[in-house]
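Participant: Below, each chain spelled out in residue letters.
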Amino acid sequence: NAGVTQTPKFRVLKTGQSMTLLCAQDMNHEYMYWYRQDPGMGLRLIHYSVGEGTTAKGEVPDGYNVSRLKKQNFLLGLESAAPSQTSVYFCASITTRQGGYTQYFGPGTRLTVL
Amino acid sequence: DQQVKQNSPSLSVQEGRISILNCDYTNSMFDYFLWYKKYPAEGPTFLISISSIKDKNEDGRFTVFLNKSAKHLSLHIVPSQPGDSAVYFCAARRTGTASKLTFGTGTRLQVTL
Numbered sequence: 005n006a007g008v009t010q011t012p013k014f015r016v017l018k019t020g021q022s023m024t025l026l027c028a029q030d031m032n033h034e035y036m037y038w039y040r041q042d043p044g045m046g047l048r049l050i051h052y053s054v055g056e057g058t059t060a061k062g063e064v065p066d067g068y069n070v071s072r073l074k075k076q077n078f079l080l081g082l083e084s085a086a087p088s089q090t091s092v093y094f095c096a097s098i099t100t101r102q103g104g105y106t107q108y109f110g111p112g113t114r115l116t117v118l
Numbered sequence: 002d003q004q005v006k007q008n009s010p011s012l013s014v015q016e017g018r019i020s021i022l023n024c025d026y027t028n029s030m031f032d033y034f035l036w037y038k039k040y041p042a043e044g045p046t047f048l049i050s051i052s053s054i055k056d057k058n059e060d061g062r063f064t065v066f067l068n069k070s071a072k073h074l075s076l077h078i079v080p081s082q083p084g085d086s087a088v089y090f091c092a093a094r095r096t097g098t099a100s101k102l103t104f105g106t107g108t109r110l111q112v113t114l
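Protein chains in written order, with the working numbering: chain G, 5 to 118; chain H, 2 to 114.
Chain H with its partners taken away, still in its complex shape (with noise of 0.2 Å):
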């Protein structure tokens, strides 16, 4: 049982405009938010997150947002760079879990020039 999809495998994005990712969750124990950028070869690092108590979390280009009626989340990227180009993990944590990261399948995103 996938608790977190991200339905979109890949996404291409032309540079400067907005890319989109979505990931929905079934779980609504999930209290906690990330987003994650993997380039390959490298472990994911950390980009932004959202607490449930938030719907919107602003770092930079990037803004996550939350809509738990919908039990979905998307982040924002503007403007899109070339260097953006990479792998993007959506992952949550249920409440009281030794803070486990649940993690979606993963969003491809293409930034072309």
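In isolation and in its complexed conformation, chain G is listed as follows (with noise of 0.2 Å):
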């Protein structure tokens, strides 16, 4: 049970250029999120996932496009990359524990945008 992994951990674009970040989880859970992350902001919802198949928008969606063609994938795709993409992108399902429920995140993609 690896939990939720995300791929690859590290990468830089020059502005214009295109890429998918994958995250993937083995806990067959429902629910998936992407997050950004940027320095004194907290997590900020991109887009998420209440299953296979479904996807909608979350707090800051612009320039980015997420699948969820398989429940254990999530990708989300950068088709045209802009300097303000610079951040970390956080993956996140979702269990339900003890009458509430959480999410779990995986270790995070640090993208830079030159």
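Honestly, the hints are just simulated from the structure, not real lab data.
Owing to the predicted nature of the structure, the values given are computational and were not obtained by experimental measurement.
For each residue, glycine too, the CB sits at the ideal point set by N, CA and C.
Treat the hints loosely; a few may be bogus.
[Stated by the list, open to error] Far from chain H, some chain G residues (derived; all Cβ distances over 10 Å):
id, residue
1, Q21
2, K74
3, K75
[As the list claims (entries may be wrong)] On the chain H side, residues computed to face chain G include the following (Cβ under 7 Å):
id, residue
4, E43
5, F47
6, A99
7, S100
8, K101
9, T106
10, G107
[Claimed, not checked] Each pair of labels, with its calculated beta carbon distance range:
id, chain 1, residue 1, chain 2, residue 2, range
11, H, L114, G, E83, 45 to 53 Å
12, G, D66, H, I19, 38 to 46 Å
13, H, P10, G, L73, 39 to 47 Å
14, H, G97, G, N69, 21 to 29 Å
From the two separate chains plus the hints, produce the assembled complex.
Facilitator: Below, the structure written as structure tokens:
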């Protein structure tokens, strides 16, 4: 049981380049989320999915697209990277516990756009 | 509009003493609150949570208190240990929103020897 994994761990892009970040979870969780973390701003939700084949916008969706073709994978795409997308990206999935729930986070992807 | 606020960017506490981290929120529709701990170059890890129908939840050295009338929650760590040094995030969930979380900006805790 690897939990939530993210690839790649680091990436440097030039403005205008595209890339896809992969999130995978082996816990059979329905809900998955993509966040970005910037200095002094906490984590902000980009997109999320409540099940295979479904996606929805979060707080800061502009410039990103997502897909959830398989339940265990949630992909985050940048079609044309901009310096404002330099950030650390975290994926999370959700499970219920003891009447409540918690989100499990991956280790993050550090992206720099030059 | 920052709906979840952590007004102290940093906190320094001596080993063995109590650490108190605070969080304020503005949205009365939040029904579930969580605390996460984050070490550098790692993802946030779940620490403790509390439902809005409770005012206290304990788990070992960690206790979370919720004051709904003041829209305030706090995390107490007793006794504090050097390994507790990390950034702590408060997060809140609004009823019926696909369990999306709104995070505070974090408080960096340093536990000194």
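Participant: Now tell me if each hint is right for this structure.
Facilitator: Structure-based check of each hint:
no. : hint                       : in the structure
1   : Q21                        : holds, 24 Å
2   : K74                        : holds, 19 Å
3   : K75                        : holds, 16 Å
4   : E43                        : holds, 6 Å
5   : F47                        : holds, 4 Å
6   : A99                        : holds, 5 Å
7   : S100                       : holds, 5 Å
8   : K101                       : holds, 6 Å
9   : T106                       : holds, 4 Å
10  : G107                       : holds, 6 Å
11  : L114/H - E83/G: 45 to 53 Å : holds, 49 Å
12  : D66/G - I19/H: 38 to 46 Å  : holds, 43 Å
13  : P10/H - L73/G: 39 to 47 Å  : holds, 40 Å
14  : G97/H - N69/G: 21 to 29 Å  : holds, 25 Å
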